[in-house]
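Enquirer: Work the whole structure out from these sequences, hints included.
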Amino acid sequence: MASTPTTQQSKTDRGSLDWLRTYFPFLVLIVVCIGFAAFSDQFVSARNFETVLRQTAVLSIAAMGGTFVILMGSIDLSVGAVVGLSSVVVAYFMQIFGIVAIPSGLIVGALIGAAVGFIYAKLKVPSFIVTLGVLVAGHGMMLHITEGRPIMVRDEFLRWIGSGSVAGVPTIVLLAIIAFLIAYFIQNHTVLGRSIVAIGGGEVVAQRSGIRVDRVKIVTFALAGLFSGLAGIVLVSRMGAGSPTAGTGLELDVIAAVVIGGTPLTGGMGGVAGTVIGALTIAVLSNGLNLAGVSSYTQLIIKGAVLIAAVIVSIDRKKIGIIK
Amino acid sequence: MAVGADLDMRQGVSGDVPTVLLGVRDLDKNYGPIKAVSGVSFTLRRGEALALCGENGAGKSTVFKVLAGEVGADGGEIHIDGARYAPSSPAKAVSLGVSMVHQEFNILPNVTVAENVFVGRMNAFRRFGRVDWRRLYEEADALLKRLRLSIDPRQTMSALSPSAQKMVELARALSTHPRVLLLDEITASLDHDDADTMHAAVERLREEGVAIVYVSHRLQEIFRTCETVCILKDGAEVATLPTAELDEQKLSALMVGRDLQNWARPVATIDPEVAFKVEGISGEGFEDISLEVRHGQTVTLAGLAGSGADEILEAIFGARPISRGAMEIEGEVFAPIDVAAAVGKGVGMVPKERAVEGLIDALDIRTNIGLANLPNLKRGIVLDRGKERSLAEEGFRTFQIKARDASTAVRELSGGNKQKVLLAKWFAIGPRLILLNNPTRGVDVGVKFEIYELLKSLREKNRLAVLMASEDMAEVVRISDVVFTIRHGRISGRFEGAEITETNLINAML
Numbered sequence: 002m003a004s005t006p007t008t009q010q011s012k013t014d015r016g017s018l019d020w021l022r023t024y025f026p027f028l029v030l031i032v033v034c035i036g037f038a039a040f041s042d043q044f045v046s047a048r049n050f051e052t053v054l055r056q057t058a059v060l061s062i063a064a065m066g067g068t069f070v071i072l073m074g075s076i077d078l079s080v081g082a083v084v085g086l087s088s089v090v091v092a093y094f095m096q097i098f099g100i101v102a103i104p105s106g107l108i109v110g111a112l113i114g115a116a117v118g119f120i121y122a123k124l125k126v127p128s129f130i131v132t133l134g135v136l137v138a139g140h141g142m143m144l145h146i147t148e149g150r151p152i153m154v155r156d157e158f159l160r161w162i163g164s165g166s167v168a169g170v171p172t173i174v175l176l177a178i179i180a181f182l183i184a185y186f187i188q189n190h191t192v193l194g195r196s197i198v199a200i201g202g203g204e205v206v207a208q209r210s211g212i213r214v215d216r217v218k219i220v221t222f223a224l225a226g227l228f229s230g231l232a233g234i235v236l237v238s239r240m241g242a243g244s245p246t247a248g249t250g251l252e253l254d255v256i257a258a259v260v261i262g263g264t265p266l267t268g269g270m271g272g273v274a275g276t277v278i279g280a281l282t283i284a285v286l287s288n289g290l291n292l293a294g295v296s297s298y299t300q301l302i303i304k305g306a307v308l309i310a311a312v313i314v315s316i317d318r319k320k321i322g323i324i325k
Numbered sequence: 040m041a042v043g044a045d046l047d048m049r050q051g052v053s054g055d056v057p058t059v060l061l062g063v064r065d066l067d068k069n070y071g072p073i074k075a076v077s078g079v080s081f082t083l084r085r086g087e088a089l090a091l092c093g094e095n096g097a098g099k100s101t102v103f104k105v106l107a108g109e110v111g112a113d114g115g116e117i118h119i120d121g122a123r124y125a126p127s128s129p130a131k132a133v134s135l136g137v138s139m140v141h142q143e144f145n146i147l148p149n150v151t152v153a154e155n156v157f158v159g160r161m162n163a164f165r166r167f168g169r170v171d172w173r174r175l176y177e178e179a180d181a182l183l184k185r186l187r188l189s190i191d192p193r194q195t196m197s198a199l200s201p202s203a204q205k206m207v208e209l210a211r212a213l214s215t216h217p218r219v220l221l222l223d224e225i226t227a228s229l230d231h232d233d234a235d236t237m238h239a240a241v242e243r244l245r246e247e248g249v250a251i252v253y254v255s256h257r258l259q260e261i262f263r264t265c266e267t268v269c270i271l272k273d274g275a276e277v278a279t280l281p282t283a284e285l286d287e288q289k290l291s292a293l294m295v296g297r298d299l300q301n302w303a304r305p306v307a308t309i310d311p312e313v314a315f316k317v318e319g320i321s322g323e324g325f326e327d328i329s330l331e332v333r334h335g336q337t338v339t340l341a342g343l344a345g346s347g348a349d350e351i352l353e354a355i356f357g358a359r360p361i362s363r364g365a366m367e368i369e370g371e372v373f374a375p376i377d378v379a380a381a382v383g384k385g386v387g388m389v390p391k392e393r394a395v396e397g398l399i400d401a402l403d404i405r406t407n408i409g410l411a412n413l414p415n416l417k418r419g420i421v422l423d424r425g426k427e428r429s430l431a432e433e434g435f436r437t438f439q440i441k442a443r444d445a446s447t448a449v450r451e452l453s454g455g456n457k458q459k460v461l462l463a464k465w466f467a468i469g470p471r472l473i474l475l476n477n478p479t480r481g482v483d484v485g486v487k488f489e490i491y492e493l494l495k496s497l498r499e500k501n502r503l504a505v506l507m508a509s510e511d512m513a514e515v516v517r518i519s520d521v522v523f524t525i526r527h528g529r530i531s532g533r534f535e536g537a538e539i540t541e542t543n544l545i546n547a548m549l
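For the protein sequence lines, the chains are H and A, in the order given. For the record, in the first sequence the residue sitting at position 18 is 19 according to my numbering, with numbers rising by one throughout. For the record, in the second sequence the residue sitting at position 44 is 83 according to my numbering, with numbers rising by one throughout.
Bear in mind the hints are in silico, worked out from the structure with no lab data behind them. Ideal Cβ positions, reconstructed from N, Cα and C, are used throughout, including at glycine. Treat each hint with caution, since some may be false.
Unchecked claim - Facing chain H, a subset of chain A residues (Cβ under 7 Å, in silico): (1) E396; (2) V421; (3) L422.
As the list claims (entries may be wrong) - Covered stretches of chain A, going by a simulated chain H footprint (3 or more residues, C-beta under 8 Å): (4) 377-387; (5) 403-413.
Expert: Structure follows, in C-alpha cells:
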C-alpha cells in the first residue's frame, strides 16, 4: 500500500529548532559563565580559568570514552572504578619501577574495557550489568592494592604532569586537549567512528550492512578503558597519590557530561565535542557555586536539576518513540 | 450500540436505508500530490461480504484506513444505516460499529487470551476496585464459542499458534459489537487448514448480520467468501461486480490492467555463464533449495508470507545458518560465516523491513549509503570521506532520489525515496549478486514503476545477477525471468518466460 509521504514542515522553522538543539549545550555554558561573572569578581580571572580547566581534565578525558559507549547505545558504569583502579595501579608500580610504570594505567584500563566488551558482546550480558559488576569489583580491588591507605608517589615527572605546564598551558589540560583531538578524529574520520554511530542508530541495520557489531563493541569498550586509564594517570599525578577511594562517583559525572553535551542515552547522535562542553559546564557550575559560597549540599541539588533541565530542552521528542 | 457524536442522525441522501448498511460514495483521499484513492463507491448490505481487490498500492489499505477512522477522507461521503459516518479516530469508528482486524499481529504476548480480547476495556470488568476475573473469562469464552473456537481464555497468548492468535484478534473485534468488520489480509500468515477455520468463523458472523469488507491476495478465498468484488487500480475503481460473474483469470486481468501484456521481458540478453549457484541448501525454515542465477537475469522466489522465501535470502546473505548444501559465486566457493563475509564477497541485500534492517533514520543519506561500503572506504583505519561523498552523490543521481542533497536525514524522506536510498546503498558496493526482498514494499505506485525501470536498466547495464523474493504476484510477473515458487520452505515449481502468470504461480504456491 502507498506509504504516507512526509508532511512538509516549514524548513526555516525546523532549521532554527535544530540549530538551537545543536548549540544548546554551548549556550548553557555561556549563560552559566555570564551568571557567575555577574555574581563574583573572582570568577573572571586567568587564575580561576586555569583552575576550572584543571578540574575538568580528568572528567573530560574519561568522558571521551564514555561518549563512544553511549553513542553506541550502551552504558558504562565502570568509569569511576576503572579510572580509580588505574590510578592506584600506577601508584603501586611506580613505588617499585619509577616512571616506566606510568603506562600500566593504560594497560589496566584497556584490558578491563576489552573484558567488559567481550562479556557484553559475546556472552550477551547487558552493558549496564557488566559495568555495574566491574564498578563494585573494581573498588574492591583498589582497597586490596592500597590496603585501605593512599599510596604516596614522589616523582618529579609525575608532579610535572600534575601541576606543571607547557608554554603556559597546564600539562594535564594539554593531555585533555590531545585526548579530545584523538576522540574527535576517531568519531569523524575512522571506520570505527562510523560503526559506533551506526550501531547506536540501529544495531540491526549496522549488522545487516556488514558491520561486525560484536567486534566494534569490544574495541569500543577497550577504547573507553584506554581513555579511563589515561584519566587515571592524570588523577594520580594531580593528587600525588593513589587513593583507595579515587574516582568514586566519576561514572555519574561522565554520564551527566555526555548527556548535557547533547548525546542521548539511546545513542546514534551527538558526540565528543558536546561532551567537552558538558564537562566544562559541570566544572564551571561547581567552581562558580563554590566561589558564591553555596554549600556543597545545595550544589548537589543544583547539579541534579541542571542535568534534567538540559535534557528536557535538548531532546527532540518527536523523533523518539519510546522512552525507557 | 453506543452512538457517538460523529453520527449525524439525518437521513442519508440515498434513501435506501432498509437494505444498505454501508454506503461509500465517491471517496477521495490524497497524500500530498498522490491520489491514493479517488472516486471509489460501493455499498454493502447486512451480512454481505465484499472484497476489495487490487495490486499493492491500488488503494485498498487507504479505503480501510478511512473506514477505520485512522485517516480522514478528502472527498466523498460514507453512510452507515443511512446516517453520515465520518469518524475522527479509530476509537470513534469502533463506537459507531466499525471494527478492523489488521494484517499485522496486534497482541500482548505475555497476558491471557481474555485480556487480549478485552484489552483497553478492562474497566468494564471492575468489581470493588479489582478485576472480576471470572466474568472476564466467561465473556471471553462466550465470544470464542460464538466463533466456534476451542481456545481457553485463561491461556497465555504466546502459547497459541499464530492462527489462534489471529482468531483472538477477531474475537476482540467482535467484542465491540461491530456492524461492519474490516478484515485486512487476516489469512496472510496462516496455512491452508487454519485459513479454513478462520473462514468458518467469518461465515458465522455473516449469518449474524455482520457486514464484512475483505482484503486478501488469495483470490480463491475471495471467491469462497465474498458475493461482491470491488476492483481498484491506482486508487480508482475499475469495476464492482458480483463474484458469480468472474473467475480468477478475469479478476486478475482486471486487477492488473492491460499493461501486463505490454511488458517485454528481456530474456534474450541473459548471459550464458552462471553468476550464482545454490546446491541443495537447507536450514531452519527451508529445505533442499537449488537454483542458478546468471548475469543479467532476475530469478524470483515467489511465496506467501511465511513460505520460507525470506529465510532463504537471509541464509544466502549469511544472516542465518545453513546446515547442508553448497553455494558458488562466479565459480568460487561461497560460504559466508556472517553478513560481513557475504558483503565482502560482493553480495548485497535490500531487506524486507526497511526501518529495522535497511536504513538508519537519524543519519543522513550519505552516511547510510556509506554503511554497506565501509570496507571499500577504508585507508588503514581512516575513513575516506571524499570517496564516501562521491559514492553517495552517484547513488543520489542514479536513483533520482528526491531530497535537497545527500546530507538530508533519511527520516525526512518519503517511503519511496527511502527505498531508493536503500537500493543506492547496495548498488554502491558494485554487487556480484544482489538479493532483493520485496523491493517495492510500502512504496507508492509511481515510485514502484520508477524502481522497476531502474532495476531493469541497471541489470542491462551492469549485467547484474538479481535474486528476488516477493509476495506481490503482479511484481513477480512483471520483472522476473525465472520464478521458483516456494511452499513450506521447499521449491514447489519452476516457471520461465510465458509460463510466469499469476494463476500459475498462485496455484503452485498454495
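Enquirer: Hints first: check each against the structure and report whether it holds.
Expert: Taking the hints in turn, this is what the structure says about them:
no. : hint    : verdict
1   : E396    : 5 Å, holds
2   : V421    : 6 Å, holds
3   : L422    : 5 Å, holds
4   : 377-387 : holds (count 6)
5   : 403-413 : holds (count 5)
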